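Visitor: What follows is each chain in one-letter form.
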Amino acid sequence: MSRRDMSYAAVMARKNEIMKASLGIDYDDFIQSPIAFDYDRMMRETGYTMDDMVRIQSETKVGNTPLFELRNLTEAVRKISEPGKGALILVKDEAANASGSFKARRASISAYEAFKKGYKGMIAATSGNYGAAVASQAAQRGLKCIIVQEVFDSRGVGQPEIVEKGRACEAYGAEVLKLSVGPELFYMLLRTLEETGFFNSSLYTPFGIRGIETLGAEIAAQVRARYGKAPDAVAITHAGGGNLTGTARGLLAAGCEQTRIVACSVDLSGLHMASDHDFNRKSFTTGHTGFGVPFATWPDRTDVPRNAARSLRYMDEYQLVTQGEVFYVTELLTKLEGLERGPAGNTSLTAAVTLARQMDRDQIVVVQETEYTGAGKHHNSQLSFARQNGIEVRRGDPKDNVPGKTIVIPQHLEQVWGKVQDMDKLRLSYLKNAAKTHPVAQWNENDYAFLAADLKKDVAWVKQHAPDLSN
Amino acid sequence: MKNVHEQEPVIQTGTWVEIEQMVLKPEERAQTLPDDTKLVPYMLRVSGFLLETARLGQEVRIRTIIGRELQGTLRTVNPSYSHSFGATVPELLTIGTEVEQ
Ligand SMILES: Cc1ncc(COP(=O)(O)O)c(C=O)c1O
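So the sequence lines, in the order shown, correspond to chains D and C.
Numbering-wise, the first sequence is residues 16 to 486 according to the working numbering.
Numbering-wise, the second sequence is residues 68 to 168 according to the working numbering.
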């Protein structure tokens with residue numbers, strides 16, 4: 016091999032050619048302008064039907080997970096709700112997938128695609144569960160696997176959940192490149208793709224997102240079979256937006272047009288995601304606003320030319336919860352429902368508690384995932400680590416939570432309220448980002464149509480709210 | 068530095084080890100970093116089987132679990148995991164025994 020310039024700038028400059036070779040998708044074919052692209056055709060041309068995906072996933076221990084009623088938690092919510100309120104809470108036990116989370120759905124179609132196209136291995140840059148999923152799926156398809164993961168701060172200390180996720184990747188036979196804090200993870204991914212010629216099983220390819228559609232379709236079928244109707248709301252933990260996009264697409268494919276799609280993230284506002292110091296002051300490693308807000312308001316900030324995860328296209332509402340509220344609800348799930356499960360699913364479960372309280376008794380809210388728990392991921396291990404890092408942990412009113420400083424665990428279920436984010440504010444922030452990418456003066460009718468679809472609004476709304484050129 | 072290596076025990080070829088590499092010096096890193104991150108190098112750690120006898124702190128080559136050859140400073144022998152469930156957090160204990168009352 017010729018000696019290539021491996022400096023940060025040089026590798027980043029080769030981004031497009033590396034991407035093309037490692038994805039087997041020519042994004043130029045779909046791109047229409049610096050902002051617009053033919054999203055629907057890109058998703059369609061993955062070439063898989065829902066039935067194909069179900070079959071592929073069943074070969075590698077993915078899908079067909081149980082949907083449970085959380086009766087005791089529902090009862091507890093009804094006791095504190097106004098008369099007639101307190102929807103039934105259901106949970107989709109995605110921890111039952113190989114590798115212990117819904118991320119197996121996301122990795123499965125990628126692994127199949129990589130195998131079919133003759134790649135020798137797969138690479139993913141990820142904070143965790145997805146790495147374990149890729150490793151587990153690659154192992155089953157006879158492919159090699161490299162996971163590029165941000166693990167430790169400059170003291171060499173790793174957040175316990177991150178460490179556990181890295182361990183799981185290695186357990187499934189992956190080589191794990193463990194890196195210190197920084198956005199250069201992407202540089203490392205590019206370098207490794209170039210060195211190996213492996214498949215880029217990015218979280219954000221159409222294969223990844225389409226693989227999640229089976230989750231939405233299963234929820235629709237299971238709820239209909241048991242209750243004779245579609246779910247009224249589905250609560251979805253939101254970080255990069257793939258979980259929401261794929262699930263919502265699956266629900267829509269199954270005809271659940273009226274189902275409310277509710278995003279949920281842990282509120283970590285004030286903490287900087289690329290800060291070496293803040294890295295170990297978070298008690299959640301995903302499903303938080305540090306990813307959720309930037310990705311919702313500009314999806315095209317990822318390791319692929321255009322992101323297939325576009326959450327504002329599908330989202331009806333966005334709930335925020337505090338770290339303390341999630342820990343409280345996690346403990347309730349354990350003690351009242353006999354289920355020990357990990358952080359991401361419990362984030363949307365926390366939102367579901369506040370939703371259920373406001374919904375009618377005969378309505379149904381579905382928490383669309385659980386994930387596995389264990390050493391490092393367990394809420395006790397997170398809280399213990401937080402305390403060690405000087406964060407105050409106490410019972411009280413969750414309104415007093417301060418990310419990075421104080422975790423306040425509610426004293427009563429009544430205090431679990433979350434907070435609603437203003438959707439239009441998110442949409443306006445998206446439009447501002449679009450204007451930074453492509454000046455408003457150059458937006459044409461196709462751009463407006465794309466933006467409208469991407470924001471679940473009409474063209475008139477986008478035109479009315481397009482950022483003012485004068486400032 | 069040579070003296071330090073000589074005090075370390077010799078690690079045999081084939082041993083499972085972890086190496087460390089400085090991927091980017093602080094001044095080589097991405098432009099848009101928070102101030103604290105800017106000051107520190109970008110580091111990589113990875114495990115594999117040692118390809119030559121060596122002492123801790125020496126530059127070595129390893130073969131990773133998928134068969135790639137990588138190079139770096141020998142950091143740990145038999146790297147392992149010690150993350151746990153943490154020290155008991157008493158604030159959690161009574162949750163779920165209160166709500167039903
Ligand atoms: C178990 C689990 N649930 C939810 C999420 C959030 O998904 P997304 O990043 O697609 O929004 C993640 C990923 O980060 C996850 O690992």
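No wet-lab data here; the hints were simulated from the structure.
Fair warning: this is a prediction, and the values are worked out from it, not measured in the lab.
Here a beta-carbon is modelled for each residue, glycine too, at the ideal position from N, C-alpha and C.
Among the hints, erroneous ones may be present.
Stated by the list, open to error - Anything over 10 angstroms on all C-beta distances counts as not near chain C; from chain D, calculated:
hint : residue
1    : A28
2    : E84
3    : K159
4    : P482
To be verified - List of simulated lysine to any residue pairs, SDA-like, C-alpha gap at most 20 angstroms:
hint : chain 1 : residue 1 : chain 2 : residue 2
5    : D       : K30       : C       : T99
6    : C       : K105      : D       : Q479
7    : D       : K451      : D       : K434
8    : D       : K76       : D       : D108
9    : D       : K447      : D       : R409
10   : D       : K30       : C       : E119
11   : C       : K105      : D       : F201
12   : C       : K92       : D       : R206
13   : D       : K451      : C       : Q88
14   : D       : K244      : D       : E272
15   : C       : K105      : D       : K472
16   : C       : K105      : D       : R296
17   : D       : K76       : D       : A186
18   : C       : K105      : D       : L286
19   : C       : K92       : D       : S169
20   : C       : K105      : D       : K451
21   : D       : K447      : D       : Q479
22   : C       : K105      : D       : M288
23   : C       : K105      : D       : H292
24   : D       : K244      : D       : R275
25   : C       : K92       : D       : A24
26   : C       : K105      : D       : M27
27   : D       : K472      : D       : N416
28   : D       : K135      : D       : G157
Visitor: Kindly indicate which numbered hints from before are broken by the structure, ordering the numbers from low to high.
Guide: 3, 6, 7, 9, 10, 13, 15, 20, 27
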